[in-house]
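Visitor: Taking the hints as your guide, dock the two standalone chains into a single complex.
The primary structure of each chain is shown beneath.
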Amino acid sequence: MKELSLNILDIAQNSVKAKADKIDITIEETDETMLISVEDNGCGMTADFLESVTNPFTTTRTTRSVGLGIPLLQLAAAQTGGSVEITSRHKSEYPDNHGTRTSALFYKNHIDFTPLGDIASTVVTLIQGQPGIEWNFLHSKGDKKVELHTEEMKEKLGDVPLDNFEVITWIGEYLREQYDELS
Amino acid sequence: MKSLAELAAIKEKMQNKVVMREGTGDLRVVVGMATCGIAAGARPVLNAFVEAVNAENLADKVTVTQTGCIGICQYEPVVEIFEAGKDKVTYVKMNAEKAKEVVEKHLKGGQPISEYTYKDEV
Chain A
0 MKELSLNILD IAQNSVKAKA DKIDITIEET DETMLISVED NGCGMTADFL
50 ESVTNPFTTT RTTRSVGLGI PLLQLAAAQT GGSVEITSRH KSEYPDNHGT
100 RTSALFYKNH IDFTPLGDIA STVVTLIQGQ PGIEWNFLHS KGDKKVELHT
150 EEMKEKLGDV PLDNFEVITW IGEYLREQYD ELS
Chain B
0 MKSLAELAAI KEKMQNKVVM REGTGDLRVV VGMATCGIAA GARPVLNAFV
50 EAVNAENLAD KVTVTQTGCI GICQYEPVVE IFEAGKDKVT YVKMNAEKAK
100 EVVEKHLKGG QPISEYTYKD EV
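Quick mapping for you: the protein sequence lines, in order, are chains A and B. Everything in the first sequence is counted per numbering that gives the first Met the number 0, starting at 0 for the first residue and increasing by one. Everything in the second sequence is counted per numbering that gives the first Met the number 0, starting at 0 for the first residue and increasing by one.
Keep in mind that a hint or two might mislead.
As the list claims (entries may be wrong) - Simulated pairs of lysine-lysine, BS3-like, Cα-Cα distance not exceeding 30 Å:
| hint | chain 1 | residue 1 | chain 2 | residue 2 |
| --- | --- | --- | --- | --- |
| 1 | B | Lys1 | A | Lys21 |
| 2 | A | Lys18 | B | Lys118 |
| 3 | B | Lys16 | A | Lys153 |
| 4 | B | Lys1 | A | Lys153 |
| 5 | A | Lys16 | B | Lys60 |
| 6 | A | Lys143 | A | Lys21 |
| 7 | A | Lys153 | B | Lys60 |
| 8 | B | Lys60 | A | Lys18 |
| 9 | A | Lys155 | B | Lys10 |
Claimed, not checked - Away from chain B, derived, C-beta distances all over 12 Å, residues of chain A:
| hint | residue |
| --- | --- |
| 10 | Leu34 |
| 11 | Leu49 |
| 12 | Gln78 |
Worth flagging that the hints you see were computed from the coordinates, not collected in a lab. The model shown is predicted, which means the values in this text are computed figures rather than measured ones. C-beta: ideal position from N, C-alpha, C; glycine also.
In isolation and in its complexed conformation, chain B is listed as follows (with noise of 0.2 Å):
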């Protein structure tokens, strides 16, 4: 039976660690959690991507963040990642299967994944 004592010892291990500082902010990755998009799925998507990302071992860089309406609602699930020097790039109609592969090319690999990305005249 899990219990809040375990917390203490969540407290000692990162304690222990160099680095406890979460996502030093290279990398963003936002998605929608407004209605548009929690109706649509944004929940799975944002946890798989903190998953994923904790799984690549990429939180250092990586910070996963939740905003309101992005203003294309009839493509969410949207996540946009910000990467600095760089142009954002928009994601769109997204599940959790999409997310992982976003974390591992996108966020572990730098290519991007054109195929998901928001183009005006889709």
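With the rest of the complex left out, here is chain A (with noise of 0.2 Å):
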């Protein structure tokens, strides 16, 4: 992946299949360091599934046996000298409180880190293509922070959906406005 960004879209696209009805997506920056960590509610994964889930030959695909998603995590935080740690809680153990929660650590200053990229685009992709999820997107670097609650959103727009071509549009402005004011 060329960009950060599109690792944590993908990594997304597994909570969205694990039917998650609420996503937190967090980016803690420091000098040094980028701790990207996906969250969710979905069905999690049973400890022998997790255990198998940085092979390349285990995924939940149909169309072919091998799923690239988190090993291509894996090796972008591990050739910065990071690494990812996956921690999930399968429905059938914990009927009220499952889900999955992926972190990677990245040391920024390695000459191999790759740069987060356009990860406004990324938000905007995936609103676009699940509206109906609670989504929550945090990045914080320092004291300074670029958010955005979908719920907060849908108290203003009634029963507009996010998916409403404005809508998505305002999101990736408000996104990159923050962004401008972060840099």
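Guide: What follows is the structure, encoded as structure tokens:
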């Protein structure tokens, strides 16, 4: 992947597929590190599946038997000296608080650090594809932050759907404007 | 500076529109957004479709949606167009420019661009 924002888009699709109705994407930055996490309340993974999930020959896709989403994220993190951590609670064992959290730590000053890239486009794409999900996006860097919460938006929008074109356009502009302030 | 309050204005504007329903389902654009598609550049393709469909005022009859792996990863980004009563058209190796062209010639003009479609022997 050319940008970490594409890895985030890809990892969040796993949460969508796990039938989550709430997905939190959090990016915490310091001068040296970037910690990206995607947390959902989807069906979760069993201990067996969780153990095998970093293996490229583990996949939920039905069109072929190779899944590269998690291995690609791991590669991107490991090549900076960082790592990926996945914790999951499967609904069979945790009927009331199931879900998965995938977090990846990157060392930003490493020469092999992949830039975050166009994260606003990733958020726009996710909401356009899954307007029914509650999305919470937060990127913090010191005391500055960029954020978007779809529940707050829905309060203002009433029955206008999140994937309405004007709303989607607004989301992109709203995030990009906050990023201009951040940099 | 943009604020959440602007969303209330969008809501008001939408309520004044006679047709509020998005896409009647006559035409469906489906973009493959699995790992293979994303790595090959599906994100800008999807966004180009969303923008061009609206720019051409086709939102009433065209729906743009996302799906997982379509199964021909080597041809990603892959886009399928479904139209009631017609055969599915599969576009391969797409980019934002081609997406705009498909909206104009195929979705608006009714003429699929065979040059960009999937052929088994490719």
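Visitor: Look at each hint and say if it fits the structure.
Guide: Taking the hints in turn, this is what the structure says about them:
For the hint linking Lys1(B) to Lys21(A), the alpha-carbon distance of about 25 Å falls within 30 Å, and the restraint holds. Taking the CA atoms of Lys18(A) and Lys118(B), the gap is about 34 Å. The hint is violated against a cut of 30 Å. Between Lys16(B) and Lys153(A), the direct Cα distance comes to roughly 19 Å. Compliance with the 30 Å bound is thereby established for this hinted pair. With a CA separation close to 16 Å, the supplied pair Lys1(B) and Lys153(A) stays within the 30 Å bound.
Proposed proximity of Lys16(A) and Lys60(B) is supported: the alpha carbons are some 27 Å apart, at most 30 Å. Only pairs whose Cα atoms come within 30 Å are accepted, and Lys143(A) paired with Lys21(A) is accepted, the gap being roughly 24 Å. For the proposed pair Lys153(A) and Lys60(B), the alpha carbon gap of about 25 Å is at most 30 Å, so the pair holds. At most 30 Å may separate the alpha-carbon atoms for a hinted pair to count; Lys60(B) and Lys18(A) meet this at roughly 28 Å.
In summary, the hint linking Lys155(A) to Lys10(B) is supported, as the alpha carbons are separated by about 8 Å, within the 30 Å threshold. The Cβ of Leu34(A) sits about 21 Å from the closest Cβ of chain B, beyond the 12 Å cut-off, so the non-interface label holds. Residue placement check: Leu49(A) keeps its beta carbon more than 12 Å from all beta carbons of chain B (closest about 19 Å). Every CB of chain B is more than 12 Å from the CB of Gln78(A) (nearest about 16 Å), matching its label as outside the interface.
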